[in-house]
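Residue numbers (the numbering used here), protein chains in the order written: chain C, 102 to 269; chain F, 230 to 743; chain D, 233 to 658.
Hint data in this document are derived by calculation from the structure and do not stem from the laboratory. One or more hints might be untrue.
What the hints assert, rightly or not - Each computed BS3-like pair below joins lysine-lysine, with the alpha-carbon atoms no more than 30 Å apart:
(1) D:Lys422 / C:Lys213
(2) C:Lys107 / F:Lys395
(3) F:Lys256 / D:Lys422
(4) F:Lys365 / D:Lys589
(5) D:Lys596 / D:Lys560
Said to hold, decoys possible - Covered stretches of chain D, going by a simulated chain C footprint (3 or more residues, C-beta under 8 Å):
(6) 303-317
(7) 386-399
(8) 415-421
(9) 465-475
(10) 565-578
(11) 587-596
Glycine included, C-beta positions come from ideal geometry on N, C-alpha and C.
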Amino acid sequence: MSNRSKLIVTGKPFRYDQERDVEFERLVKRYPTRESMILPALWLIQEQEGWISAEAIAYIADRIGTFASQVYECATFYTMYNLHPTGRNHICICRTLSCWLRGKQEIVDYLKNELGLKPGEISADGKFSLEEVECLGHCGTAPVVQLNGEFHESMDVDKLKSLLATLK
Amino acid sequence: MAEMVKLFVNGREVEVESGKNLIDAFKVIGVEIPHFCYHPALGADGNCRMCLVGIEDGRPPLVPACKTLVSPGLKVQLDTEKIKKIQRDMMEFELINHPIDCPVCDQAGECTLQDYYMSYDLQDSRMTVPVVAKGKRMDLGCGVVHDQERCVLCARCVRFTRLITKTGELGIVNRSDEARVEVFPGRPLNNRYAVNVVDLCPVGAMTSRDFRFTQRAWFLTKDKGICHGCAKGCNIYIDHNREKYKDDVIYRFRPRLNDQVNGYFMCDEGRLTYHAENEGRLQVCRLEGKDCLQDYAIQSAKALLGPKALMLVSPNCSMEQMIAIKALSEACGAKLSGYSDGYIKTGDGDDWLIQDDKSANRAGLALLGIDCTKETFTGLLNGSDVLVSFNNDLFVHETGNEFLQRLEKIKIVAIATHDGTLIQKASIAIPVASYSESSGSVVNKDGLLQHFVRAVQKNVLPLDMIALCGTLGGPVATESDAVNEMKKVIPSLTDMIPEGGVKLTASEAAHVPA
Amino acid sequence: MEVKILSAKFDIKDAHTLEVAKQHGAYSRLEKLFSMEPVAVIEEVKSSGLRGRGGAGFPAGLKWSFLPKGLNKPVYLTVNSDESEPATFKDRFILVRDPHLLIEGIIICCYAIGCHDSYIYIRGEYTTQVKALQAAIDEAYAAGYLGENVGGYGFKLDVTVHRGAGAYICGEETALLESIEGKKGQPRSKPPFPAVEGLYGCPTIINNVQTIASLPYILENGADAYKQYGTEKSPGTHLFGISGHVQKPGMYELPLGLPILDVIEKVAGGVLNGKKLKAIIPGGSSTPVLTPEEAKTVTLDYESMAAHKTMFGSGGIVVLDETVDIVKLVENLAQFYHHESCGQCTPCREGLGWILKIVKKILKGEGSMEDINLLVELCDNIEMKTVCVLSAACTMPVRSYLNKFRHEFEAYVKKGASAQADVKQG
Numbered sequence: 102m103s104n105r106s107k108l109i110v111t112g113k114p115f116r117y118d119q120e121r122d123v124e125f126e127r128l129v130k131r132y133p134t135r136e137s138m139i140l141p142a143l144w145l146i147q148e149q150e151g152w153i154s155a156e157a158i159a160y161i162a163d164r165i166g167t168f169a170s171q172v173y174e175c176a177t178f179y180t181m182y183n184l185h186p187t188g189r190n191h192i193c194i195c196r197t198l199s200c201w202l203r204g205k206q207e208i209v210d211y212l213k214n215e216l217g218l219k220p221g222e223i224s225a226d227g228k229f230s231l232e233e234v235e236c237l238g239h240c241g242t243a244p245v246v247q248l249n250g251e252f253h254e255s256m257d258v259d260k261l262k263s264l265l266a267t268l269k
Numbered sequence: 230m231a232e233m234v235k236l237f238v239n240g241r242e243v244e245v246e247s248g249k250n251l252i253d254a255f256k257v258i259g260v261e262i263p264h265f266c267y268h269p270a271l272g273a274d275g276n277c278r279m280c281l282v283g284i285e286d287g288r289p290p291l292v293p294a295c296k297t298l299v300s301p302g303l304k305v306q307l308d309t310e311k312i313k314k315i316q317r318d319m320m321e322f323e324l325i326n327h328p329i330d331c332p333v334c335d336q337a338g339e340c341t342l343q344d345y346y347m348s349y350d351l352q353d354s355r356m357t358v359p360v361v362a363k364g365k366r367m368d369l370g371c372g373v374v375h376d377q378e379r380c381v382l383c384a385r386c387v388r389f390t391r392l393i394t395k396t397g398e399l400g401i402v403n404r405s406d407e408a409r410v411e412v413f414p415g416r417p418l419n420n421r422y423a424v425n426v427v428d429l430c431p432v433g434a435m436t437s438r439d440f441r442f443t444q445r446a447w448f449l450t451k452d453k454g455i456c457h458g459c460a461k462g463c464n465i466y467i468d469h470n471r472e473k474y475k476d477d478v479i480y481r482f483r484p485r486l487n488d489q490v491n492g493y494f495m496c497d498e499g500r501l502t503y504h505a506e507n508e509g510r511l512q513v514c515r516l517e518g519k520d521c522l523q524d525y526a527i528q529s530a531k532a533l534l535g536p537k538a539l540m541l542v543s544p545n546c547s548m549e550q551m552i553a554i555k556a557l558s559e560a561c562g563a564k565l566s567g568y569s570d571g572y573i574k575t576g577d578g579d580d581w582l583i584q585d586d587k588s589a590n591r592a593g594l595a596l597l598g599i600d601c602t603k604e605t606f607t608g609l610l611n612g613s614d615v616l617v618s619f620n621n622d623l624f625v626h627e628t629g630n631e632f633l634q635r636l637e638k639i640k641i642v643a644i645a646t647h648d649g650t651l652i653q654k655a656s657i658a659i660p661v662a663s664y665s666e667s668s669g670s671v672v673n674k675d676g677l678l679q680h681f682v683r684a685v686q687k688n689v690l691p692l693d694m695i696a697l698c699g700t701l702g703g704p705v706a707t708e709s710d711a712v713n714e715m716k717k718v719i720p721s722l723t724d725m726i727p728e729g730g731v732k733l734t735a736s737e738a739a740h741v742p743a
Numbered sequence: 233m234e235v236k237i238l239s240a241k242f243d244i245k246d247a248h249t250l251e252v253a254k255q256h257g258a259y260s261r262l263e264k265l266f267s268m269e270p271v272a273v274i275e276e277v278k279s280s281g282l283r284g285r286g287g288a289g290f291p292a293g294l295k296w297s298f299l300p301k302g303l304n305k306p307v308y309l310t311v312n313s314d315e316s317e318p319a320t321f322k323d324r325f326i327l328v329r330d331p332h333l334l335i336e337g338i339i340i341c342c343y344a345i346g347c348h349d350s351y352i353y354i355r356g357e358y359t360t361q362v363k364a365l366q367a368a369i370d371e372a373y374a375a376g377y378l379g380e381n382v383g384g385y386g387f388k389l390d391v392t393v394h395r396g397a398g399a400y401i402c403g404e405e406t407a408l409l410e411s412i413e414g415k416k417g418q419p420r421s422k423p424p425f426p427a428v429e430g431l432y433g434c435p436t437i438i439n440n441v442q443t444i445a446s447l448p449y450i451l452e453n454g455a456d457a458y459k460q461y462g463t464e465k466s467p468g469t470h471l472f473g474i475s476g477h478v479q480k481p482g483m484y485e486l487p488l489g490l491p492i493l494d495v496i497e498k499v500a501g502g503v504l505n506g507k508k509l510k511a512i513i514p515g516g517s518s519t520p521v522l523t524p525e526e527a528k529t530v531t532l533d534y535e536s537m538a539a540h541k542t543m544f545g546s547g548g549i550v551v552l553d554e555t556v557d558i559v560k561l562v563e564n565l566a567q568f569y570h571h572e573s574c575g576q577c578t579p580c581r582e583g584l585g586w587i588l589k590i591v592k593k594i595l596k597g598e599g600s601m602e603d604i605n606l607l608v609e610l611c612d613n614i615e616m617k618t619v620c621v622l623s624a625a626c627t628m629p630v631r632s633y634l635n636k637f638r639h640e641f642e643a644y645v646k647k648g649a650s651a652q653a654d655v656k657q658g
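Chain C on its own, in the form it takes in the complex (with noise of 0.2 Å):
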């Protein structure tokens, strides 16, 4: 986490698409504040790009009028938000308590001796990247992993090979 404050300056101006401008101005309404678009707005920029770059924590920071600075804090601060490019497929895997009493382990070691993926990484091909993450809620179908969104339950080395192996 310790260069997570570092951003990634593109060079390249940031805007919403049609689809995201639309969604903006939907959500804007339903609150008292622009401030409180925030967090909803990175998001927005997350579904369109996949991560968050420094222009467009600055675009969406003059769009609600606010200071670049208390955008900036929130990018950092939620540790969901991606602040660098992922692989096409980001797989989290839970390391907290009851994933790491059910084997959590075995899987990420997996991945580091087999697939040469350490946490925090992007493989060479750019396909996947691996990121150990706090307890995810599954906690009763231990060990789970996150693969692009969707939960993937009692986990094993097995399963999670035949699950990559459907991956582009």
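Assemble chains F and D onto chain C, guided by the hints.
Using the frame of chain C, we list chains F and D on its own:
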């Protein structure tokens, strides 16, 4: 008179002002509650936990003093073993990831961590694991340098840019012990009050590039002064020192609290005007372009005084100086003007401290009825053979250029603190003491009369302007002479001017144009 | 032992759709609701003894009664669906399998407290869950159960889903409010309390999803019916999550007050693969650990837990068998809390990192007995000196592991010391 409230601190009954939090209330009675993040101008944040105090029979029994208002009968405990241990523990947490680089840190000698360690801690370190590494010497803009390792994350600097300047350049990013003060890339500090965060920072995390490594705080003599950068008259500390074999030099200005003027802050430009006190000074008397002895210069100048002389007063002169000059002009029959349009930078001021008028005592000219209009000055100049400038730089912001033709034809006597175009053209130039080297009173744009005392004592004492007026034949030759005269102009002034200044009454202020 | 009060519709096919939900009673309580005075609704909820199901267990009706009267400010309800406490996995079932139960509960609460704008704060990781919830909300709007004229009873109510983005601390009520307002989830000092000065400075009630979802049952059947379940001071049912080394981990709705060992044995099938029980985490990772001996007299309610110097918490039970290395478990938990600390106040920000580093040091074989003592002392130094209770959520369990399993820490120290001696000699 504020409403008072009786409560207990360490078992002793005291009387404190109602409506205040415990930190402020107890400060007045001389009881310190240590704290980092609270600041009266910024409000309470409650994040440092250093101000935790015990409340006997309290629910809860442990409260942050910054967020607790005084209430009757409250039993505050500061010196129990429990509270002392908490203070030691909080200090321990502040110090475990702190580089303790006092030998290279500007803040040493005026550092809250150092002071509180001596007062509340004095323990050895128990840190046997790797420290958290952070950024060093980061340029945040506007001459503010940030050392993240020293930062205690009190958020004073962030609150300053959000609540006071409302420019919001600073933020604290990340969570946990990854938290850092940062600026958004491409949007560094960019306001005219940024360097105040250096004063606000309780530790050496925010330092001023201008001051960094120039002087140790404990060598500085910290005298009270008034900034002469503009008509606001912000109260300052003049921090100066005479190093061995050298002269008394100012190392920095810092804002000084005055609720009637500038609160806790000052602008960056005013802060840096100390350079002008040190540099570009007129050092030696000159006669027709050559250095000369002071007596000779003064006698030559005296010979030129008379009805054909025009005295030009600076709006930066103190009340006392203006009175002495006016008396001198009356005594020798010379004309008098305070024309100084060049000191006004129209449109530069803002809605807080910075004023268009870059002079400190224009109101004094009005109070004494000294005409400042351009028409009058031009007429007088055309009708005079001698121009005697009392520290009025006619060429400030090039406004003097239109008078060049006339100035070629007359003799110029320049009595000045600084060298410059007018002094170069002068037949006689006489250096005098500047405001940091003399005492005086000034009236700011809000009609507040403030007094300042000499701070800097040069090895060779520069000539006092009032004494010079006396030597030139004026009846007002000393500060006390001038003060007596001042009381006639300001009848409400019966005694010494109080610290913090005094507002002129409506009738006195009526002389003073808005 | 299991009951089906909250989970009544969980196994009914398509019960998340409005059509099927209505067939099974969704929104059938509105007629009764709007015929009552709001104050009477609050009294009914108070009388039921319903306690907040987020982990703090504060009586819900009592919390609602703290709202000041006559303030010229809007009242807000925020529903806490942050569910990030390790071992907790209950609220998401409601969101996916019976979202209309939650929406109806929101209507009941908002009518009682005079709120016309409600926000559901859902953790960012719950991607499928937020879609299910939003779909149900859209259905409710379309059918007129939300919006300008709820059910035709002239009551206006808007519900907005606000997604979090990966911060456990946003489960803390004031941090949740900060997050909705567009700031970092840094908890506020209390007082002032949210009921007086909360969201946007207005009176605000924050309740857990399960708490709100319990309201339709109470309204329909009455407080007394609710009190038939559970114990006198801990009435009702709870969606317990049982995980860790058990045969049948999962979510089970049970009345409060059952013996914990019975539940582990009979509901969750006992310790995994017949291994020996080493310890039990009773209510989420923030609760002090129980030894098997202590667990013999523990029942799943607030009072019994408090008497055993632990907490009921979120009802997330984690079973630890003999293979668990307690020191590594503490490292796992300390890492979690250190990662999730908001960083605002000094003791938590610096202290949790310090605790984690010392545990790692001990695990590496470089620790000393002083380090173990220091860990215990740090737990005391940090706890209760902070703005919020995240620090206590770390220090209370860590202290319990140090107290009850100190020998495991000492073993690492002794092993490390002898290993160091070998290195020096060899």
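Now the hints, each set against the structure:
At roughly 46 Å between alpha-carbon atoms, D:Lys422 and C:Lys213 are farther apart than 30 Å, so this suggested pair is violated. Proposed proximity of C:Lys107 and F:Lys395 is supported: the alpha carbons are some 25 Å apart, at most 30 Å. Simply put, F:Lys256 and D:Lys422 have alpha-carbon atoms about 24 Å apart, close enough for the 30 Å limit, and the pair holds. Annotation: proposed proximity of F:Lys365 to D:Lys589 holds, straight-line Cα distance about 23 Å (limit 30 Å).
Restraint check for D:Lys596 and D:Lys560: the C-alpha separation of about 11 Å stays at or below 30 Å, so the hint holds. By the rule of at least three residues with a Cβ nearer than 8 Å to a Cβ of chain C, the coverage given for the segment 303-317 of chain D holds, with 3 such residues. Here's how the segment 386-399 of chain D fares: 8 of its residues keep a CB closer than 8 Å to some CB of chain C, so the rule of at least three is met and the hint holds. Check result for the segment 415-421 of chain D against chain C: holds, 3 residues qualifying (beta carbon to beta carbon below 8 Å, three or more required).
Here's how the segment 465-475 of chain D fares: 3 of its residues keep a CB closer than 8 Å to some CB of chain C, so the rule of at least three is met and the hint holds. Figure legend: the segment 565-578 of chain D, annotated as covered by chain C; annotation consistent (6 residues with Cβ-Cβ distances under 8 Å, at least 3 required). Closer than 8 Å: that is the beta-carbon criterion, and the segment 587-596 of chain D has 0 residues meeting it against chain C, so the requirement of 3 is violated.
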